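Note that the protein sequences, when read in sequence, are chains A and B.
Residue numbers for the first sequence follow our numbering, beginning at 1 and rising by one.
Residue numbers for the second sequence follow our numbering, beginning at 1 and rising by one.
For the record, the hints were derived by calculation from the structure and aren't laboratory data.
Bear in mind that the values here come from a model prediction, so they are computed numbers and not experimental data.
All C-beta atoms, glycine included, are put in the ideal place defined by N, C-alpha and C.
Treat the hints loosely; a few may be bogus.
Stated by the list, open to error - Sample of chain B residues at the chain A side, in silico, Cβ under 10 Å:
#1 Ile-4
#2 Thr-8
#3 Gly-40
#4 Thr-44
#5 Pro-99
Residue strings, one per chain:
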Amino acid sequence: ETGVTQTPRHLVMGMTNKKSLKCEQHLGHNAMYWYKQSAKKPLELMFVYNFKEQTENNSVPSRFSPECPNSSHLFLHLHTLQPEDSALYLCASSQEGSWNTEAFFGQGTRLTVV
Amino acid sequence: GQNIDQPTEMTATEGAIVQINCTYQTSGFNGLFWYQQHAGEAPTFLSYNVLDGLEEKGRFSSFLSRSKGYSYLLLKELQMKDSASYLCAVRASRSGNTPLVFGKGTRLSVIA
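For reference, chain A alone in the conformation it holds in the complex:
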């Protein structure tokens, strides 16, 4: 059982829809991340939140909008997506400030844009 929970596990949405991905971590970590995993590509870092503050936006299109209401919850709001946005979206958390701390991942949301 992972300490990072993502919902939904699967999502199919049209290009005009608005949906949100949810992530919750039960590990007491202070940093949370969104990664995108596409076929034959490395995990791409999208957003970083440290102590609820967004500290990094890796040139992600504005149709992806993150929200971090507290250090345990992270959302990714989606609107007017494109078919190429279909991918596995992974949430992760870690304890920043400790060099040897690994990131813990959620199971991911498999997103299909039609």
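Chain A is already provided as a structure; the job is to place chain B on it using the hints.
Relative to chain A, chain B alone:
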């Protein structure tokens, strides 16, 4: 920029030993991680190296040479359940935070 290279695919026989290599060029270095990811599942942590040398953990070992920008993951006594993707990741200093930067992953197939 950040660049992490590892082979795309490898095949090995059950009971054998396999070595998965990873080379990296990153702006800053604060440790190298190996993750295992089964199809459709979350990546799970395997090992961490920050100093040169070999770290052993059961059937899995990981080696690091910082001067060469090189690491490998060694899997011994391979089992069918070891068929998965193995992701090399570097913790690089960036903007005061240290998120992990990942390679594309190596898909390992263990055959009987």
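Any CB of chain A closer than 10 Å to the CB of Ile-4(B)?
holds, 7 Å
When the least beta-carbon distance from Gly-40(B) to chain A is tested against 10 Å, hint result
holds, 8 Å
Cut-off 10 Å, beta-carbon criterion: hint that Thr-44(B) touches chain A
holds, 7 Å
Checking hints one by one. Is Thr-8(B) an interface residue toward chain A, by the C-beta closer than 10 Å rule?
holds, 8 Å
Status of the Pro-99(B) interface restraint (C-beta, 10 Å, chain A)
holds, 5 Å
Checked against the numbered hints given earlier, this structure breaks none of them.
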